[in-house]
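**Q** Turn these sequences into a full structure, and let the hints steer you where they fit.
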Amino acid sequence: GENVEQHPSTLSVQEGDSAVIKCTYSDSASNYFPWYKQELGKRPQLIIDIRSNVGEKKDQRIAVTLNKTAKHFSLHITETQPEDSAVYFCAASILLGNKLVFGAGTILRVKS
Amino acid sequence: KAGVTQTPRYLIKTRGQQVTLSCSPISGHRSVSWYQQTPGQGLQFLFEYFSETQRNKGNFPGRFSGRQFSNSRSEMNVSTLELGDSALYLCASSERGTAHQETQYFGPGTRLLVL
Numbered sequence: 001g002e003n004v005e006q007h008p009s010t011l012s013v014q015e016g017d018s019a020v021i022k023c024t025y026s027d028s029a030s031n032y033f034p035w036y037k038q039e040l041g042k043r044p045q046l047i048i049d050i051r052s053n054v055g056e057k058k059d060q061r062i063a064v065t066l067n068k069t070a071k072h073f074s075l076h077i078t079e080t081q082p083e084d085s086a087v088y089f090c091a092a093s094i095l096l097g098n099k100l101v102f103g104a105g106t107i108l109r110v111k112s
Numbered sequence: 001k002a003g004v005t006q007t008p009r010y011l012i013k014t015r016g017q018q019v020t021l022s023c024s025p026i027s028g029h030r031s032v033s034w035y036q037q038t039p040g041q042g043l044q045f046l047f048e049y050f051s052e053t054q055r056n057k058g059n060f061p062g063r064f065s066g067r068q069f070s071n072s073r074s075e076m077n078v079s080t081l082e083l084g085d086s087a088l089y090l091c092a093s094s095e096r097g098t099a100h101q102e103t104q105y106f107g108p109g110t111r112l113l114v115l
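Chains A and B, in that order, are what the protein sequence lines are.
For the first sequence, the residue numbers in the working numbering are 1 to 112.
For the second sequence, the residue numbers in the working numbering are 1 to 115.
Keep in mind that the hints were calculated from the coordinates and are not lab data.
There's no promise every hint is true.
Here are the simulated DSBU-like pairs of lysine-lysine, each with C-alpha atoms no more than 35 Å apart in a straight line [claimed, not checked]:
| no. | chain 1 | residue 1 | chain 2 | residue 2 |
| --- | --- | --- | --- | --- |
| 1 | A | K71 | B | K13 |
| 2 | B | K13 | A | K57 |
| 3 | A | K58 | B | K1 |
| 4 | A | K68 | B | K13 |
| 5 | A | K68 | A | K111 |
| 6 | A | K68 | B | K57 |
| 7 | A | K37 | A | K57 |
| 8 | A | K22 | B | K13 |
| 9 | A | K58 | A | K22 |
| 10 | B | K57 | A | K57 |
| 11 | B | K57 | B | K1 |
| 12 | A | K42 | A | K57 |
| 13 | A | K42 | A | K68 |
| 14 | B | K13 | B | K57 |
| 15 | B | K57 | A | K111 |
| 16 | A | K68 | A | K37 |
| 17 | A | K57 | A | K22 |
| 18 | A | K58 | A | K111 |
| 19 | A | K58 | A | K42 |
| 20 | A | K68 | A | K22 |
| 21 | A | K71 | B | K57 |
| 22 | A | K111 | A | K22 |
| 23 | A | K22 | A | K37 |
| 24 | A | K111 | A | K57 |
| 25 | A | K71 | A | K58 |
| 26 | A | K68 | A | K57 |
| 27 | A | K71 | A | K22 |
| 28 | A | K71 | A | K111 |
| 29 | A | K42 | A | K71 |
| 30 | B | K13 | A | K111 |
| 31 | B | K1 | A | K22 |
| 32 | A | K37 | A | K111 |
| 33 | B | K13 | A | K37 |
| 34 | B | K57 | A | K42 |
| 35 | A | K58 | B | K13 |
**A** See the structure below:
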């Protein structure tokens, strides 16, 4: 079955710096890759997603890149702010249905 | 639209008991998925229901079951609870659950503690 690996497990950055989180997936049939942000005690919330027919997607300070050949995708957050501090999860799913396979998560700390 | 709701929010049970958790999707959403979140295993897919039918299933034992009603509300049941079942159980809904993946919106979760 699908397996998603996520690195790093923790990431500390200074406010204003960029943060990059990387994920690799095993199933070449995967074609949908969302990123979720989960603040302490809250529900996961989608921040950006990308489909396999696109190599990059941007939404203000957040961008995601996808390399299908290498089977990896990355989340880029620029100009980080303290409110970006949270746990970030990458996920992958195949064409049929809504089964998301999640990475282990990255704890992002933005120091002010 | 109101978001995904889950009841109860917190639950304490003892080993051997059974528990039923409820999830009400966003109005109009027909697909409901369930996930278990633990510090050790992270977020793991349990199962997905669409139009009252289980469409996908994760790698959990048969003690974990679910169902979906005609109004798209879903319940999951865990029988013969074990200590390791202590977790945050999240449900997520999406609109059509068609071949083109849609955003899954998560509920606040039910935190289950098994003593």
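**Q** Which of the numbered hints above does this structure break?
**A** 1, 2, 4, 8, 15, 30, 35
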